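For this one, chain H is given, so just place chain V on it according to the hints.
Residue numbers (our numbering), protein chains in the order written: chain H, 401 to 513; chain V, 22 to 134.
There are no misleading hints in this set.
Footprint (simulated), chain H over chain V, 3 or more residues, beta carbon under 8 Å: (1) 56–68; (2) 101–115; (3) 121–131.
The set of hints was computed from the structure by calculation and includes no laboratory data. Owing to the predicted nature of the structure, the values given are computational and were not obtained by experimental measurement. All C-beta atoms, glycine included, are put in the ideal place defined by N, C-alpha and C.
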Amino acid sequence: EPEVTQTPSHQVTQMGQEVILRCVPISNHLYFYWYRQILGQKVEFLVSFYNNEISEKSEIFDDQFSVERPDGSNFTLKIRSTKLEDSAMYFCASGGQENNEQFFGPGTRLTVL
Amino acid sequence: SQQGEEDPQALSIQEGENATMNCSYKTSINNLQWYRQNSGRGLVHLILIRSNEREKHSGRLRVTLDTSKKSSSLLITASRAADTASYFCATDKSNFGNEKLTFGTGTRLTIIP
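The following block holds chain H by itself, in its conformation from the complex (with noise of 0.2 Å):
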């Protein structure tokens, strides 16, 4: 059964420095997301992509954010400088387009010290 895959699963880093977070979603999905669950809270929206640009995003998605799809396969969220407070598990998501039924990835566990 087709899956979506994140890498790394694991990622530590010093605060101010620039992550770069990789997805593949399902492939013949349109709909790409992320949305991250810091320890012990909601998991939280933060962008939504389709057709090669942003849809929506969270006020949480502020200007050290940026998504992209660089190629036909992967998915990327990178945080320019990255602060303590980034810590968090980051997911990625797609769907496709009969409903909104969205398929989310294992997740990134990010850990900014």
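Only chain V this time, still in chain H's reference frame:
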């Protein structure tokens, strides 16, 4: 307003018993989805129910939706130790894809062998 509040926050039952978790929401929705998350892991999609549906089944899962009460329930029958996880509801207002999900706070289910 907060969307997607599950109750109970935590539930422990004996293996073989049925587990019922509830989700309430405040604004109108189009879809409601249930996800499972094993500790520190990714979100597994369980089931999607549309606002014009009242009940849906998938294996040992039964989901109901009452739009007049703005609530949904997830029933897991004949529970197994492997069902131990956190369960989240997520809502959206979309008729098709490309719509953010708003997650609830989750119910932590523990199945006692």
